[in-house]
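**Q** So the sequences go chain by chain: A and B. Each position in the first sequence, counted from 1, maps to that position plus 14 in this note's numbering. Each position in the second sequence, counted from 1, maps to that position plus 296 in this note's numbering.
In case anyone wonders, no lab produced these hints; they're calculated from the structure. Nothing false has been slipped in among the hints.
Once the Cα atoms are required to be at most 20 Å apart in a straight line, the calculated EDC-like pairs of lysine to aspartate or glutamate come out as:
no.	chain 1	residue 1	chain 2	residue 2
1	B	Lys-933	A	Glu-509
2	B	Lys-933	A	Glu-514
3	A	Lys-47	B	Glu-1170
4	B	Lys-1186	A	Asp-57
5	B	Lys-706	A	Asp-101
6	B	Lys-695	A	Asp-434
7	B	Lys-667	A	Asp-89
8	B	Lys-1159	A	Asp-56
9	B	Lys-695	A	Glu-433
10	B	Lys-667	A	Glu-509
11	B	Lys-667	A	Asp-495
12	B	Lys-695	A	Glu-436
13	B	Lys-695	A	Glu-509
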Amino acid sequence: TEVPRPRGVSLIKAALYQPRGGDNSWTCLDGSKTIPFVQVNDDYCDCPDGSDEPGTSACAQGQFHCLNKGHESVDIPSSRVQDGVCDCCDGSDESQVVGCANTCAELGAAAAIQRRNQAELHRQGAEKRLEMITRGRQLRADRETRRMELERRIKDQEALKSEKQQIKINAEALESDALEVFKEQQRELDADTVQAEEEPQQMRHEASLSFAVYDINKDGFVEVTELMVDINLDRDRNGVVTVEEAKYFLDERERVDLDAFVTLAWPRIKPLKMLAEGLFQPPHAEEQVPPVGEVPVEATTEGVQPTPPQQTEEQVDMEDSTDGEADEEGDEDQYDDEDGDVGVGEASPEVEAPAPPIYDPETQRLVEQANEARNALDEVERNIREIEQEVKEIDEQSAKDYGPQEEWAVLDGECYNFEDREYVYTLCPFDRASQKPRNGGAETTLGRWEQWIGEGYKYSKQKYGNGAACWNGPQRSAIIDIRCALEPRITSVGEPNRCEYYFEFETPAACDSEAQQAENVHDEL
Amino acid sequence: VDPSNFKTCEQSSFCRRSRKVQSTGSKYALIPGTLNSYMDSLTGDLINKENHHLFSFKLEALAGSTFRLQIDEKQPLRPRYKVEHALKGQPEAGHIHVHKETDGEIIITSKHTKAVIHGDPFHIDFYENDVLVVSVNSKNWLYFEHLRQKPKEPTEHRDGDQEDQDGAVETPKLSDSIDDPGAWEENFKSHHDSKPYGPEAVALDFSFPAAEVLFGIPEHADSFVLKSTSGTDPYRLYNLDVFEYVVDSKMALYGSVPVIYGHGAQRTAGVYWQNAAETWVDIQTSETNVVSSLVNFVSGSRKTPPPGAHFISESGIVDAFILLGPKPLDVFKQYAALTGTHELPQLFSLAYHQSRWNYNDERDVTAVSAKFDEFNIPMDTMWLDIEYTDGKRYFTWDKFKFPQPLTMIKNLTELGRHLVVIIDPHIKRDNGYFFHQDCTEKGYYVKTREGNDYEGWCWPGSASYPDFFNPDVRQYYASQFDTSRFQTVTADVMLWNDMNEPSVFNGPEITAPKDLIHYGNWEHRDVHNLYGHMHLMGTFAGLQQRDPNQRPFILTRAHFAGSQRYAAIWTGDNLADWTHLQHSIKMCLTEAVAGFSFCGADVGGFFGNPDSELLERWYQTGAFLPFFRAHAHIDTKRREPWLYPERTRLVIQNAIRKRYSYLSLWYTAFFELEQTGAPVIRPLLTHYPFDKETFGIDNQLLVQDRLLVKPVMQQGVSKVDVYFPAIDDKKNGDLWYDVETYERQDRVGYVTVPVTEYKIPVWQRGGSILAKKERQRRASTLMLHDPYTLIICLDRERKAVGTLYLDDEKSYAYREGQYIYVSYEFADNQLTNNFIGKPKYKSDAWIERIVIAGLERVPSGAKITVNGVQQALEVTRQGGAVVVRKPAVKMDIDFVLTLNYE
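Pulled out of the complex, with its shape left as it was, chain B reads as follows:
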């Protein structure tokens, strides 16, 4: 990356101005007597005591230990932008009780949460069961630039016009300090931002008194735990197409999800800062040296300042959701309750994807698909990047390279495979191109200040950008996916939306200028981070309209809070090196807790050529991230597995097969994500919140609470150190079973584990049950009727429990109850099943075998009882586990299986 292509905080005038408050502080106060309380909320007026500008504030209780704080100008010169479409709907309201109202302080409670609002200086403390977890504006860094008239003489000392209105006395005022040269226009490199509305930043600080670490605010190529920004730039949230991005960086990337969490052993809390403008986030970390933690321990209270976050946005209003936990899964679910989850994806999309920029022509696609069969490597989906189009005109095909796309698609689908094609938002300005003609005639493009269609430079050359904020534009775009219009694809062809930050090669910071105008007369400045989101809404609507009974699959690069409802994401244009491999987990863990469970990184690395070892390890890592796709830049060497030495091919085959064997787990986890909002992959602290060692671990991950994965992500190692977490503060831990050998780990702490080139270090938690499919097919869709193997790993009480979800893997029939959702429970040498809801889906699948690890002795046999009929089953020992042979019970049938010890 060339960092000089991107702004620093110092080069961004609103960031520079807002950050200055950190040294001076601000002076906002509640105006006594303006308070009104309602069933679910409290409103009042705030005043900036320095310039006497008035603001209205609203604090609202929402269902699920969540508060919403909104601050806007009471009488703005023009409306300020409020984010739309990010929330999945109107949040469910809670109830409040106002307990105490004195001059300086109001206490409101909602169930077991409490907000204490201090009038002057204005700040709010949020409590969960009487523990202070979030403080808002405790540092007095609230900073709200009210809209104002542009001064006539920019060099003259300004009297803010609003002061005249307010009739306030002239004193040194905050507004006066906005003689920043970037307040009314700003230049970056050769780009000019006209800033017709002047300064309009909003900023606010949040601290997390019960927390030790902060995490969240993707997307950055950085550690899971956020680092202090003292002495560095803040973390930046501004959707950008960054060429060859570097790791360990706070620079902005393709997506922006302004949710942050503070975690400590006792409490976890979060803040969702709902703002779609460019945003910078300063992070203060707590002192965690030995002395201070000792002092904290002894005194029982914190003596060092708690970790905090200072959100700084260029425009909009203050709209913050305070998520009060108390446990990690609670906050993740609270956030999911606001912005939604990915809906249950089609199962094939959780299988292996084969992509490259580009598969050159039909013959290439067919040949690559055939090679996967030749070498018996499962593969579900082939991808076509931009070169399949006729000159980067989306919804068209290159007729020379792809003369018969439907035949090519049929060749894939007959083998159970899928095709994904790319559709980007930049539209080629070509008068012979129907999409461009329509957008031009109907005025569907994003406009310049002067009202002309904005023209930028992207893959097609000169391009314009549909204004997806306009519902008519979204509907026009969505209608293009209909197979009666886009006749060269079938309803099984899925979508990839790239470059939707938007990427503009000749724009400021490779994106659109901020003074462009969108639907509703909003500036691009106000909505930038939502552009990709709106693009996705159009694509999602298009796919649903095309085939209402098929779940859409979309991959996107740009994303905002809520985009997870429409698309999977990947971490963009990474590099074929070991540090980027390591960051694939760090980044996806952060995305997962910010709503985006369906996350992956380009396996092999987008830029550059991975050597055998790196490629092998990358496949092994990718096999345990939710979205599993190999992809490569057009200038890289071809890297399909058979082009490497045989060993590499076999290691890759092994990794992909392992992925396929666990597809039922991934599928169940995504169903449960949709049901509950619990992330599919999770950092260790999610289930081991008391174990401080886990807080910083971002090279291991949990799949739900069932698998612990520590992929080998270092070159040339023959062993890895794995951390087995403690469930309490007394060094007690779970049992963990190696998923290949069933060798048991019962220690807490770091354990050194030997690895071969084939080894993916994965353990199943004692106490869990999961279902696998151990028969290999060339594509996951062909496994629909294949039998299951139940893997039961016992805890110290020799018990285990776990769920399995299955349905037709493709349609929305599951929304009508056409599914089987079953909880298996093992205790006292007996396995039983409990259907959650009536099993309405008819499946041919059955239970092939049951593997039980952690038994004290090997049973002599087993018997299964189905509908009152008993049958004896053979039990054999296999490694550290026993195998019950062929229970052969269908998935929707109740049974009891008992182990015998004669």
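With the rest of the complex left out, here is chain A:
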């Protein structure tokens, strides 16, 4: 049954190790040298390619073939022959003295079971994966449907917008005339009326500047984490800006673009910034006229906001410091509450709307009408923005690589946690990876979705990059190593390099038996 051949030679190569008839010589496999056959495996390296010593450690670049009957045959470097360490499961690399046990039968059986289990896992997993494919494809179809729907709605809303604009122009013309008359009367009553200049663009300009400052990673969004660095936003004065605090300023969103920032976030942020910068002055300091160039920021509702003559300068200042739109959106009460908390110390402002001026009934009616028209237009515009935002989100999603069969799509929007001794790690596939200390404290972004980076099989690893910067170090990043399992979960998280995290993640989406087979075939080659 045994093919006679020198020690360490595989069955396939046995034929190459035959002495030449006549002189009993043998030629190195690379043809470079002919030696007596007795010098094969004589523990001295004669051939430059190491082929004369398949069964000893004499040649540096030699290979020893472990037959490993009952398990898989392997070639090991000849440096491991007779080094006292059992490398072949049949113990053939070591002399009897070392006493290597033959473990091939056991290992072979265990490997067979392992292979079977793996195959079974993949078979079952593949069924789940099929469901994921179906759902993924459905999601794509839904997105496309939804997108068309949204485009249609934008058209409708655009039409409505023109209509509302016209109504507003008309109403404001009437209002304007009426107020002109009213103001004439007021001027006569009080020559010292403060003339407020309207600068509707001022607010937006300011907000944009702040946006640029907050948008640290310059991705066109201000995120919760980016706000958390501004200690001025620590509303409860506990020394840290919590996620909740930051979210409040973003209208409870994770992130906002410039438009949303201008309309939703800045109005909430600004009072605190002014507070921090000392622009809220205690009453006694308010006698001074603001220096030229430092134009007080005005309320910025479109249209004319009349300045009631009864206002004291103090009140004017306060109104200037407040935000008109917040007013409109009914956030005034919330502001007051918050300011109550914030107002520790001397610069404690009373941010209340000034008492509304008292118009004659007709003027009052026209003003209200104009307000209604403005509100109606605002609402339409807001609708459009929201729809556009949704379209943008859909487009972003559609641009993501959810795999050749959309099998990964259902993971977008899911989040998985893993706890170790110190941290809770979170992976939200296609969005971000993060960590949070278990004993409280802020969440740290380890990275945002970048791309698939598996070597060989692309869909075996994900990369998340551009996370929060390490102290004195690079920005954090994370690699997700993905394996097949029936239930999705993170099995381990490590930090093999400073600030470079490594997640092991299991999901049925990775149970691609065909891909696995392809890889196995590749391995055997």
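Keeping the supplied structure of chain A fixed, place chain B upon it in accordance with the hints.
**A** Structure of chain B alone, referenced to chain A:
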């Protein structure tokens, strides 16, 4: 480094005061009639003629052309500290003859050395075979601040109390000049030194009339040859943890070895200044311009002042050993005879070490070890830095990251590998930590002036420092290593002692305050540079007690004279840049001649991220320094060889394999170090003392006298200039053989040699024989039985000689003669062996092949005769050498091998 964290001489009051003597000089004289001579020594009294304070002096002859000079106060107010534990034992005494005693001069001789003692002004000239080699106090810079009572009114003009005792007349006195504001207390940054005993500095000058260059006094990141300190701070010896140290600097570093050598073509001499307090050393270099050397040449005598060293220490006594040579190896051995050598290390510790701060957990350790196998790169030892512990509590493990340390260790040892773990001296102040509890209860910590346990800040946060000067503390600490206590390691796990300067993050100059109190009521000031040494003594005792038949391996950062008996050292927290790579050789050469042959630098650089080329060259350099370990800071990118491009991985593999092939040479060299005190690595001047060009060469090194190594340590070069030294002053040189091609160099002087990225320029000296093991294994321990290749490089007479040492590579059995030590000799086409001592060790190893370079013709064959039986052997040509195929003789068997030319 932020230099402002560390004192300058000017900011250090004793240095400032002692250095001032360089302009004024001092006035000490022997008191006639006080001299007494003994078999081996001469004693007498000295007087400071300005303040009339009395000192006793003793000059003692020691075996081996060495003198010891001690000066102490005759009646000090309290005892002054005398260094203990640095010498390896009581030095062997010599004999003296007193030849002449006149009023002014006494001559004593001991064998071929002579000391001429001049009474007034007091100075001593030391001669070796009638050549003046060392002069002590020839500049009259002896400065000895006697202990005194603290004056009541610090601003008032002081009458030294001792003068009242002495009844001396009041004249302007040296003591009076100590109105230095730092004399009785001193501040540095926010730190206060209470200095309760006031000024107590000692200082003395030494000049080397036969020398042209001075070297020694490690540890500094500077050139091998010491530079003049004229116009700069002196070199400083004060064990300090210096963050991101800079090169070309005289600043103090982690270790202090106060031994200095003066070398000239005819004579080499040395001085070991035994003092453990903070010490500054001013260096005067000789004028070496062309005119002066011409004048010297013509006149046959020196017209310029000789090079000199001025040692300045904060406290203690004058205790100086004068080493009289005459040749470099003689002085190195004389120093080794005093302070000892590293004992023969286990062979694995000379192989490649893989470290990083930190390997994160068990899986990481196992995975890294497996990767070395995957890429077939030999590796012997994995290291764990501080993060393996449970919250920096030494002798404990982080149970989450390392739940099964014994299993992890077994995984390594089954592959022939080792593990080294770190144990630092800072002890976490945590009432739940047994070590802290014990030290607190037993009073084992270093104390403050007030008698409380000193608390400093280090890795664990608030920490205290065991007082290793107390023998009970050392024994308590040593007993912790016992595997019955430290159960999570095996007796094969070895030790790393770091931060033992000691490093104290919030202390003055990042170390302990000088007014802390140690065992015996000595101030930290007196013993600072010995703290790490005492820590090592504890660790060494612990490892020996744990397993009495296994040689301990310890790596330390802090070190003092004598620490080489216990530990290897590395050059601390270097940087990943080319200048630090270059300094790894300069620094290790200096350490080697100061006793520390077992020296290396963090391969790759501790801080920063080396690019491919730097990492490749660093591995190549590290492969030819005695201690070969890659290590990196926690904030650096991972840099295991497979994380770099394939080329880099292969270059590194090549360098490490080269190291493994030469392990037998390193091992033999360390055996011979223990036997003779001859350094393992040596500067060129060691064997080429006449060649003045070699004096300043510190980018090449010799391994014993067999290999000449010039690693590529510059970026982007395709050639290097190598200096081949002259053996005499007539430009004759040795032959040198490239160890890869056996191409021969027979010129003296600089030769430009082309290099590839794989090339490590190394030559074997013609006339030498060494043994290699050319089979690669994943770890050196697996090579124990592998066969040897003898490499014979012939000199001009076609002769060569060389030794090989082998044993079990691990135990102390070699002390009972269980070894094979053989000298091979080649002459007249014949190779013979001579066993030095009976070969008692049984080895399975045999001689696989013999390579001979430098033969005139290729022999037709060879025959070997063993026990009267002859066998013909094949001889083939290989490059510039011939190879004798398979002599197959065991290592403990006599043989004769003859080349045939038919």
